[in-house]
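Visitor: Chains as they are written, first to last, in the numbering used here: chain X, 1 to 200; chain B, 1 to 749.
Hints listed in this document are in silico derivations from the structure and should not be mistaken for laboratory results.
Each hint should be verified, as a subset may be incorrect.
Facing chain B, according to a computed beta carbon distance under 8 Å, are these residues of chain X, among others [as the list claims (entries may be wrong)]:
(1) R2
(2) V5
(3) A16
(4) L20
(5) F76
Covered by chain X, according to a simulated footprint, are these stretches of chain B (three or more residues, beta-carbon under 8 Å) [to be verified]:
(6) 45-52
(7) 81-92
(8) 194-203
Part of the chain X face toward chain B, derived, beta carbon under 8 Å [stated by the list, open to error]:
(9) L8
(10) I10
(11) T11
(12) I17
(13) F21
(14) I169
Ideal Cβ placement from N, Cα and C applies to all residues, glycine included.
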Amino acid sequence: MRKGVVILLITIIASAISLLFWYNDIQYRLPTPVPQGYHPVTTGAMLNLSGKLPFIHNNKPMFLHFFNPSCPCSRFNIQHFKSLVQLYGKEVNFIVVAMAGDKDMTAEKIQDTYGLAIPVVLDSTIAANCGVYSTPQAAIINTDGKLYYHGNYNKTRYCTDKRTNYAQIALEAMLKNSSLPGFDAAAGIAYGCTLPRCSK
Amino acid sequence: MMTEVPDDIKNYNIATTKRSDRLIDYFLALYFLLGIIFAFFYGTWLIAFGVGGLALAAYYGVKFLLPSSDMYQYVLGAVLGVFMAQFIYQMHGLFEMHFFAFIGSTILITYQKWKLQLPLAIFVIVHHALFSYLQNSGYGIYFTQVGYFELQVFIIHGSLATLIFLICGLWSYQLRKSNELHIGQTLEMARLQKEALLNEQSKLNEEALMVAYEKAEDARMAAEKANEAKSVFLATMSHEIRTPMNGVMGMASLLAQTKLTAEQDDYIDVIKTSSDALLTVINDILDFSKIESGNMDLDVQDFDLRICIEEVMDVFAGKAATQGVDLVYQIETMVPTNIIGDNIRLRQVLINLVGNALKFTKEGEVFVKVKLLQTDGKKVKLGFDVRDSGIGIPAEKLNRLFKAFSQVDSSTTRKYGGTGLGLAISERLIKLMGGTISVESEVGRGSNFSFTIEAVTGTEAKKLYAHFNIAGNEGKKVLIVDDNNTNLSILKAQLELWKLVPTLALSGKQALKILETNQNFQLIITDMQMPMMDGIDLARLIRQKMPLVPLILLSSVGDESRSKYPQLFNAVLTKPVKQAQLFKVIQEQLKDQPKAPSYISNAEMNSAEELSAEFAVKYPLNILVAEDNLVNQKLARLILTKLGYTPDMASHGLEAVRMLEEKEYDLILMDMRMPEMDGLEATRYIRMSNGYQPVIIAMTANALKEDKELCLGSGMNDYISKPIKIEVLIKSLAGVSVGLITATSQQPA
Chain X
1 MRKGVVILLI TIIASAISLL FWYNDIQYRL PTPVPQGYHP VTTGAMLNLS
51 GKLPFIHNNK PMFLHFFNPS CPCSRFNIQH FKSLVQLYGK EVNFIVVAMA
101 GDKDMTAEKI QDTYGLAIPV VLDSTIAANC GVYSTPQAAI INTDGKLYYH
151 GNYNKTRYCT DKRTNYAQIA LEAMLKNSSL PGFDAAAGIA YGCTLPRCSK
Chain B
1 MMTEVPDDIK NYNIATTKRS DRLIDYFLAL YFLLGIIFAF FYGTWLIAFG
51 VGGLALAAYY GVKFLLPSSD MYQYVLGAVL GVFMAQFIYQ MHGLFEMHFF
101 AFIGSTILIT YQKWKLQLPL AIFVIVHHAL FSYLQNSGYG IYFTQVGYFE
151 LQVFIIHGSL ATLIFLICGL WSYQLRKSNE LHIGQTLEMA RLQKEALLNE
201 QSKLNEEALM VAYEKAEDAR MAAEKANEAK SVFLATMSHE IRTPMNGVMG
251 MASLLAQTKL TAEQDDYIDV IKTSSDALLT VINDILDFSK IESGNMDLDV
301 QDFDLRICIE EVMDVFAGKA ATQGVDLVYQ IETMVPTNII GDNIRLRQVL
351 INLVGNALKF TKEGEVFVKV KLLQTDGKKV KLGFDVRDSG IGIPAEKLNR
401 LFKAFSQVDS STTRKYGGTG LGLAISERLI KLMGGTISVE SEVGRGSNFS
451 FTIEAVTGTE AKKLYAHFNI AGNEGKKVLI VDDNNTNLSI LKAQLELWKL
501 VPTLALSGKQ ALKILETNQN FQLIITDMQM PMMDGIDLAR LIRQKMPLVP
551 LILLSSVGDE SRSKYPQLFN AVLTKPVKQA QLFKVIQEQL KDQPKAPSYI
601 SNAEMNSAEE LSAEFAVKYP LNILVAEDNL VNQKLARLIL TKLGYTPDMA
651 SHGLEAVRML EEKEYDLILM DMRMPEMDGL EATRYIRMSN GYQPVIIAMT
701 ANALKEDKEL CLGSGMNDYI SKPIKIEVLI KSLAGVSVGL ITATSQQPA
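Bound-form chain B, shown alone:
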């Protein structure tokens, strides 16, 4: 197997050969000259020039013809032997001339190739043997002074000559090996030096890296501290802003309950609107800051996606009705009912997108669609579309949409309000939920915001209204009248899933035309707001011909007309229609046909209780309010008094604890931050004591998730964020009262 020779050793060998060649030039010239000198002794001129010249011709001829081969070096070995023979001949067998064999042998060492000794050795031995034989055989060598050759002498001569050639060959070999070793060691030394240098460099780099790392670590810790400080600042700011806001909004709500002139009513509206706007701004800034500082964590839990969507629809139902815009939603059947994700944050995104869509849509519709994009075992990727028929966004401004504090243009802010943070927050929340958001828009035709989220299919089994069969009502015909195509197609798809047979009409006129030819409908569903002929007029005309057919009106929030015509409709549903409600109502109307209209309204579920003293009679409670802020104290007292309660007031936690020792309160509305003893400490104290255990609800401006966890962790039962919404408070009070009554009734007599 050929061994790869390193370049450095190759170069060394080339240099050795070149140097040796130059040396040999001198030696050969000297040899030739010696031949001429020897010719003087016995007049051997022909031999001197002839043999010497031919020997030189052999060497230089081969070297010229095969310059890249080392063959000329082997020829040189033979040439040196020829010169030796020449000199012996010229000096008539002079014994000393044999030394030229050994001189030649030592000269050849210069090439550091032991093999070069071979041609010379062979020549010398053959020469010696041949002439000895010739001399002994009686032929008689003319030019020799020795009479005969003895075999013993020949053997001794041959052995000694061989030994010399062997030693010279060995020396050549050793010299080459030694030099190669030396080169190898030099290279290794250079490599080690380089390596050492690199190691040193690497060590220096490592040290520099370590220093950089330490600096980075310091910077990180400083950033973490700054972040922590920012979080504390945010919490404090949130609290400090919400506390006075609570006063402003609460008082405005109470003021609105009093008798006011029309002008004062306007002022109150402005205060309420401004307060709401301010609160939205604060919430947005708080959210954005939390996301940017990395403090936003998702609160993942199992929830009903449809309820989440419907809650969003509820939020905007009133506004959509006021604007005359159809708010429609559709959840595709493949979408899992329950998913595990952050319900609150998904709702926040949807509220933002739907809110924006409504803000920029004067007519037409806002359509929310949920679809299943991808499934991987339990993992699902859901797609949400929020499509509107609003003013649209110019293409060149689409890329600015998701940047913080950036709206389409400054005039948008002036005209439509908003911080410009909503979409930025949404985009970041979607990113947190493992999705992306994009937008397509055309000026004048509307926009479509699409986003995706990743979630896990929920485990809680909920009712699947989408796949319910209306037992015994399969195949029944339903006429649907709506001017909105989207709404019509959604209702059609839903009814078909329930095995009903829907017929669609885009207007009252078309519906009547259908009814003229076919009165075989078991149910008619009609929209309220339609051009030319609204739901009321259509119902009147239908009732004239079909007094017993069940009629369901799809109305809008705040539309009072429904209550004026109870005889026309069997049921009124508020748009956007919730699937469960629609299912119940349709099932109810188809079950006992025919029947006279009997008014059912889902509005009952949504109507806020008015502030009346009867509330306390219905939901009796002994209430203690622990609140250090005088304005808030006053506000709480006013609301609770208006609800018929006589709350006691404590200015701090310690006072609340003392008052609880004197009187058994059913409920303590506890502020978190108070002097002397804060709400958390007071709660812990109460929970640890063996005394009466009231329901404690936190009432605080600290809106962060961590605060809620702190409250519940300290032993509080619930949490109400400031500014307090009267509806939320009422709901909580009712819940506590009902809970207490239930608990009392279950106690053994």
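Only chain X is shown next, with the shape it has when bound in the complex:
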């Protein structure tokens, strides 16, 4: 009798644990819900970001990294982002657009925390201008001020699949003055945290 109870208990617990793992995994696997009143911004559109971004006189394209310190997903690919900065920092102006985090969050604090020697902008409206509604997301603006690419960095959260390094591929294409390669759907579907606060 007791053995039966024990077997039942173990079965229930094992199932519950599996369910928990599954639930947690599936939660991050689902696309970020599109917010109400969202206005999509297509690539090639001219962006009006005057006054929102620091003025840099070097006539280089801009790479905007939408980031939320309180969003786990933003932390997943920070290493990948940093590697892009290191690779293309001379050719591209990298700017971190930090979403609403803690109240006492400052640009310096983010720079110190993540070791980023690039500008950090604390203006969440930029995301809407770029058609971004989750973090982490990338937006590449060419020298003409047009949106060249906005979407995911990679199919995987840690950017472990080099074939799907969408942001990097788009950046290189832009630098080569090539047209934006045709990405699969995964490049454009947001999976990260919602804005302005992370609900995952």
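For chain X, the structure is supplied; the task is to place chain B on it using the hints.
Guide: Only chain B this time, still in chain X's reference frame:
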């Protein structure tokens, strides 16, 4: 086959489990805490509390539900794997989190069970394989920082992990074995120590035992020496007492032969009675001492049991007659005629019991019965009953009977005399003969002493009178007249065995009545002492009617009336009647019927020769007496002179040897203990010399059996114990003389 685990090892395992459980409590708490800490990194709170909590619930739930089972330990293995998975998940596939698999594996060593590694190992490998497969299959594991898994890497990881689990399992196994071995060795050591202690104790005991044994041996030797000294003392005392007793008794006997006044006769009687009593006391004490000191050995030989019984009857026949008590005996037909046993000691017991019975019986009878109780091949168990119609013994005093120096009460000693040793000696002698003695008694009605002995059927074929047929006389009628029922039934049984037809009469009057109607009797046997009408009166009346019928009188010792009426009886037999005598007499009387009375008496056989000088004429001998004691010298000279001899006297052995060289003596009566040269040495000297060889008879107060053997061993021909009984001496002298005459007549002319 299940091997029995020793309790100590079981206890050790229980202690190990308890200790490990406590340790695991801390570890699980730490794991849970780690889960919470890891949750801070990526906000995996649900996982930290959910998975961590469920893992703990699984472990403690099983432990609670099956406390006596070790299943919760196997669940623990899986739980540790779950925690590892949780931590990997929480840290988004952080490679270092895999170390928790190995930490869990080492934690499990605490239980010292290699099997506990299995659930963890299986979990880790399945987890790794599943996620690798999922990742490689393109499903994509969200929480991982690795892009893909290579099979080679998986195999290396799996092998190394397996190796670690294997090593941890091996370590658990070795640890358990080592501890069990250690416990086993500790137990063995404790056992050996205990054994050593016991051995030491045993050695000490052995030494103590040896000391005790040596002491006991010393004590035994001392006791043996004391016993030997006691025996020597007894022999010396016996000799020293018997020597003067010889003088007293001998002189009293001689004095009785002279003319004395009635008063002097009384005095002599008292002296003789007292001497006899004193001698009995000495003999009793000597016997008792010998038995008590273990020196009493049985002299086993083939003997005729009936003769033994009849000799006892002879001893008491006179006394029984004087008291008017019937002394009767019966030996059942199944009892073997000859048995191998100690004739002397059996006789001693019977003499004691019959003597006691007569002592305490004033009227009635003393009946001795022998029966066969048991046979086992040649071994027989005989039962003896000595029944009397005496005063009896009170029940409460029966148990004191066989104790030494104990009579029924002190008044008994005063009234009846005796040392109180007789029954004690008898009891011990019977015990020596392999039997037991018991007594039944009723005050005023008499006693019955029963005893048994074990013996072997004798080999010497003797005449069986009991089964003899009186050839040609079968069926002849015999009238038996006796007032004693026992006697009547014994005679009836005996006569019937001889194929005769007995008719019984309890009195003279009844006998006459029978004869009035039936005169067809070929033989009449009558008792002498009967109330109203005695044997004489009855015989007279019978003779008036039947002058030719043979009449046999059963008389008592000392009864002189028989000799006064020789014309009345054809034969007179002394009671108790011996079977052989009765057979001969009946056969004689029935053979040539009818015939006139011709007096035959067995008294002839028993009558002692009177001291007369004619004896020496009839049995001529040259006698030398070697005796150092002057009183005894004088006594011997007087007896021998009265018998018509002229003995020479030697004061010691050397003188006897010298005198033998000068004169050829037919007989030397040799004392054993003498100065200069004792009797034994003198005999040996004589036997070794080439000179004339006389008959040498030892005459000594040394009454022990060993002395007799010494005498015969030294070359003596016979042995007479002091105090010397004149009858015994006369018998010996006659025997020697007849022997010499026979030898001389057989020599070639």
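Visitor: Would you list, in rising numerical order, the hints stated earlier that this structure does not obey?
Guide: 8, 9, 11, 14
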